[in-house]
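Undergrad: Respectively, the protein sequence lines represent chains G and X. Taken in order, the first sequence gives residues 0 to 516; the numbers are from numbering that gives the first Met the number 0. Taken in order, the second sequence gives residues 0 to 118; the numbers are from numbering that gives the first Met the number 0.
None of these hints come from the bench; they were simulated from the model. It is possible that some hints are incorrect.
Computed, partial: chain X to chain G, Cβ under 7 Å [unchecked claim]: (1) 68; (2) 72; (3) 113; (4) 118.
Quick list of the computed label-pair ranges, beta carbon to beta carbon [said to hold, decoys possible]: (5) X:62 with G:373: 48 to 56 Å; (6) G:347 with X:42: 28 to 36 Å; (7) X:42 with G:289: 45 to 53 Å; (8) X:57 with G:40: 38 to 46 Å; (9) X:68 with G:314: 31 to 39 Å; (10) X:57 with G:289: 42 to 50 Å; (11) G:230 with X:68: 45 to 53 Å; (12) G:103 with X:18: 55 to 63 Å; (13) X:102 with G:374: 32 to 40 Å; (14) X:42 with G:489: 39 to 47 Å; (15) G:19 with X:62: 41 to 49 Å; (16) G:347 with X:57: 41 to 49 Å; (17) G:77 with X:60: 37 to 45 Å; (18) X:42 with G:37: 30 to 38 Å.
So these bits of chain X aren't anywhere near chain G, every CB distance computed over 10 Å [stated by the list, open to error]: (19) 42; (20) 67; (21) 77; (22) 102.
Predicted model only: the values in this text are computed from it and were never measured. No residue lacks a Cβ here, since even glycine has one placed at the ideal position from N, Cα and C.
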Amino acid sequence: MMLLEMAAGGFGDRVAVGSRDGGLTFQQLFDRAGAAAGRFRAGGAEVVAMADVSSTALPISLFGAAWADLPFVPLNYRLTDSELSALAARIAPAIVVLDPEATGRLADLGDVVVLDRQALLDELAEALVPDGGWGTDWDMAGEGTAILLFTSGTTGEPKAAMLRHRHLVSYVLGSVEFMGADEDEAALVSVPPYHVAGMAALLSNVYAGRRIVQLPTFDAGSWVDLVRTEEVTSAMVVPTMLTRIVEHLDAELANGSSGNGALPTLRSLAYGGGKMPRPTIERALQLLPEVAFVNAYGLTETSSTVALLGPQEHRDALASDDEAVRARLGSAGRPLPAIEVSIRDEDGTEVALGLPGEIWVRGEQVSGEYRGQAPRLTAEGWFPTRDGGRLDEAGFLHVTGRIDDVIVKGGQNVSPGEIEAVLVEHPAVVDAAAIGLPDRQWGERIVAAVVLADADSTSGASVTAEELQELVRSELRSNRTPDHVEFVAALPYNDTGKLLRRVLRTELAHFGDGSTE
Amino acid sequence: MVGDALERWPDDHAQESPMPDMKPGSRFTSNVCTTEVIVVRGVGEADLRCGGSSMLSADSIPDGGPPDPDAAAGTLMGKRYVDADDTLEVLCTKPGDGSLGLGDVLLDLKEAKPLPASD
Numbered sequence: 000m001m002l003l004e005m006a007a008g009g010f011g012d013r014v015a016v017g018s019r020d021g022g023l024t025f026q027q028l029f030d031r032a033g034a035a036a037g038r039f040r041a042g043g044a045e046v047v048a049m050a051d052v053s054s055t056a057l058p059i060s061l062f063g064a065a066w067a068d069l070p071f072v073p074l075n076y077r078l079t080d081s082e083l084s085a086l087a088a089r090i091a092p093a094i095v096v097l098d099p100e101a102t103g104r105l106a107d108l109g110d111v112v113v114l115d116r117q118a119l120l121d122e123l124a125e126a127l128v129p130d131g132g133w134g135t136d137w138d139m140a141g142e143g144t145a146i147l148l149f150t151s152g153t154t155g156e157p158k159a160a161m162l163r164h165r166h167l168v169s170y171v172l173g174s175v176e177f178m179g180a181d182e183d184e185a186a187l188v189s190v191p192p193y194h195v196a197g198m199a200a201l202l203s204n205v206y207a208g209r210r211i212v213q214l215p216t217f218d219a220g221s222w223v224d225l226v227r228t229e230e231v232t233s234a235m236v237v238p239t240m241l242t243r244i245v246e247h248l249d250a251e252l253a254n255g256s257s258g259n260g261a262l263p264t265l266r267s268l269a270y271g272g273g274k275m276p277r278p279t280i281e282r283a284l285q286l287l288p289e290v291a292f293v294n295a296y297g298l299t300e301t302s303s304t305v306a307l308l309g310p311q312e313h314r315d316a317l318a319s320d321d322e323a324v325r326a327r328l329g330s331a332g333r334p335l336p337a338i339e340v341s342i343r344d345e346d347g348t349e350v351a352l353g354l355p356g357e358i359w360v361r362g363e364q365v366s367g368e369y370r371g372q373a374p375r376l377t378a379e380g381w382f383p384t385r386d387g388g389r390l391d392e393a394g395f396l397h398v399t400g401r402i403d404d405v406i407v408k409g410g411q412n413v414s415p416g417e418i419e420a421v422l423v424e425h426p427a428v429v430d431a432a433a434i435g436l437p438d439r440q441w442g443e444r445i446v447a448a449v450v451l452a453d454a455d456s457t458s459g460a461s462v463t464a465e466e467l468q469e470l471v472r473s474e475l476r477s478n479r480t481p482d483h484v485e486f487v488a489a490l491p492y493n494d495t496g497k498l499l500r501r502v503l504r505t506e507l508a509h510f511g512d513g514s515t516e
Numbered sequence: 000m001v002g003d004a005l006e007r008w009p010d011d012h013a014q015e016s017p018m019p020d021m022k023p024g025s026r027f028t029s030n031v032c033t034t035e036v037i038v039v040r041g042v043g044e045a046d047l048r049c050g051g052s053s054m055l056s057a058d059s060i061p062d063g064g065p066p067d068p069d070a071a072a073g074t075l076m077g078k079r080y081v082d083a084d085d086t087l088e089v090l091c092t093k094p095g096d097g098s099l100g101l102g103d104v105l106l107d108l109k110e111a112k113p114l115p116a117s118d
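Given these sequences and hints, build the entire structure.
TA: Next comes the structure, spelled out in structure tokens:
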């Protein structure tokens, strides 16, 4: 809340959210948040949740909840009614803001007050500033919970990661310059609210004084149109979004409709939230030579970004003849100044520089807490991320994927990420995933699911399973070679671009031998 | 002798206004200009000054006149200031004409290396 108060005080007349003409100014956002705080306090709710696409109601509710000292809980509106009800029941007594069309979704829950988003916005727009101004009586010490984010729940029941005000304020102060944005800058937010990057985007851009343009439901055509019509200067996307944007821009080029310059106003494009296929980022760099690309690596539990690969590092890697430097294009860059990174073995001992292990992070923005559970931080404040990775000599962090996804074949740990990186380098391959399936002899066998480029696409290349196996054998070691390569139409992703390996394992289960480990 | 002892009681004044606790989240306002700050990293009780004069709790009315010329370089909105040992850190939430100090020693502007926008 302090961040918004400073924004309203420092540049209250700037537009905070929406179109340059007719959007909400920072002062209006502050006033609406003040009114929302009063509304939220009145009902006796202990959290304010929202199961809705992005709209101006999102920043208003986020800051209004903080003002009222209530945690804000962005819920995944794509869940089924019963899944959504189960989460709402866990956080009750709660206010849940819903799309006007969807207010019936949580009809039968006691202790849950449903607010219609549009009715709330109308009510708050009419609210008058009280005599003597709004009380600035929010949690200043920052111990209170600002945001609860349910993890995607790939293993069992979803956990609610807890981010306190002090974590988020540390993140913003450590990574964003107050009023660092020029008045003509605008950020396009297409990541959904229930992703930590969607929350971080609101906080960072408010503090920077950058106008926020929201895309409620992503598709590449709408994204490209909004960049052009709203003169967007920066954006953050997940890898699947960038893949589709690149395809869209290529299609425009092919039919000659892109005209002068693909996206003339865009200066900066950040991506993160999953593994970026190297062909996608290389093509994006070619298509958008004026754009500064930033790869951000972070987790929900670390208040978003902890490491960055900056624009110059992208260009240097792309231009280099040294394979070790080129490989940095696939890295997460270097830790933020306020973040320490350590690579540990299974016993928690730091490994020698360059060796792989588990990524541990430490810093004031790192929460590592889940609601109703003991904090996961070590006594020294380290958070074991369960992501595997290594640091190179120049301090670049290479993330190989979730440790729980590691394939164990014949007692050897095989990281799916390194196999996938080799496979997608083949011009005929647009996407690939390697998984382990049961094998009596080896414990697990390696199965690669590969998506080929369309026969009529520009590359025109084709490839056989044997050729891909040989490619991996020549670039890695023979124990990394997939035992089977299966060509599939598409890989299963969730809507924020995370590969659903469990779904893939189920779909391809018949390529295992049915043994149990 | 008794009178002597009474005269040695200047701590009386200090007891009326003990040095404030620099807890994270505490807000202070300048006694000599429009500067307001919030503590980001605390050091316990300390004499946080602005323009050479002890800062006041957030709701106080300034009455201290102009800043001391030796502490009048001004504060910048949204900048962080730290002491030499990097133990106290405050964030300027409203700018003014005074300079921040811990006792007689001025605080340094914390230079942040600009990061590319990642959100």
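Undergrad: With reference to the structure, classify each hint as holding or not holding.
TA: Against the structure, the hints come out as follows:
1. Contact between residue 68 of chain X and chain G, as hinted, is not supported at the beta carbon level, the nearest pair being about 27 Å apart and thus beyond 7 Å.
2. At about 19 Å, the closest approach between the beta carbon of residue 72 of chain X and any beta carbon in chain G exceeds 7 Å, and the interface hint on this residue is violated.
3. At its closest, the beta carbon of residue 113 of chain X sits 6 Å from a beta carbon of chain G; the interface hint therefore holds under the 7 Å criterion.
4. At about 4 Å, the closest approach between the beta carbon of residue 118 of chain X and any beta carbon in chain G falls short of 7 Å, and the interface hint on this residue holds.
5. For the hinted restraint 48 to 56 Å between residue 62 of chain X and residue 373 of chain G, the CB-CB distance of approximately 50 Å keeps it satisfied.
6. The given range of 28 to 36 Å is respected by residue 347 of chain G and residue 42 of chain X, whose C-beta atoms sit roughly 32 Å from each other.
7. At about 46 Å, the beta-carbon gap between residue 42 of chain X and residue 289 of chain G stays in the expected band of 45 to 53 Å.
8. Remark: the range hint 38 to 46 Å for residue 57 of chain X to residue 40 of chain G is contradicted by a beta-carbon distance near 22 Å.
9. Checking the proposed 31 to 39 Å range against residue 68 of chain X and residue 314 of chain G shows it is violated: the Cβ atoms sit about 49 Å from each other.
10. Remark: the range hint 42 to 50 Å for residue 57 of chain X to residue 289 of chain G is upheld by a beta-carbon distance near 46 Å.
11. For the pair residue 230 of chain G and residue 68 of chain X, the supplied restraint of 45 to 53 Å holds, since their beta-carbon distance comes to about 46 Å.
12. Distance hint check: the CB atoms of residue 103 of chain G and residue 18 of chain X are about 58 Å apart, consistent with the given range 55 to 63 Å.
13. A hinted range of 32 to 40 Å for the beta carbons of residue 102 of chain X and residue 374 of chain G is consistent with their spacing of about 36 Å.
14. Between residue 42 of chain X and residue 489 of chain G the CB atoms are about 56 Å apart, so this pair departs from the stated range of 39 to 47 Å.
15. For the pair residue 19 of chain G and residue 62 of chain X, the beta carbons lie near 43 Å from each other, so the given range of 41 to 49 Å is met.
16. A beta carbon spacing of about 43 Å between residue 347 of chain G and residue 57 of chain X agrees with the range 41 to 49 Å that was offered as a hint.
17. Under the hint 37 to 45 Å, the C-beta atoms of residue 77 of chain G and residue 60 of chain X, about 53 Å apart, miss the expected range.
18. In this structure the supplied range 30 to 38 Å holds for residue 42 of chain X paired with residue 37 of chain G, their Cβ-Cβ distance being about 36 Å.
19. The claim that residue 42 of chain X lies off the interface holds: its Cβ sits roughly 15 Å from the closest Cβ of chain G, which is beyond the 10 Å cut-off.
20. No beta-carbon of chain G is positioned within 10 Å of the beta-carbon of residue 67 of chain X; the least distance is around 26 Å.
21. Not every beta carbon of chain G lies more than 10 Å from that of residue 77 of chain X, the smallest distance being close to 2 Å; the non-interface claim is violated.
22. Look at residue 102 of chain X: its CB is around 24 Å from the nearest CB on chain G, clear of 10 Å, so calling it non-interface holds up.
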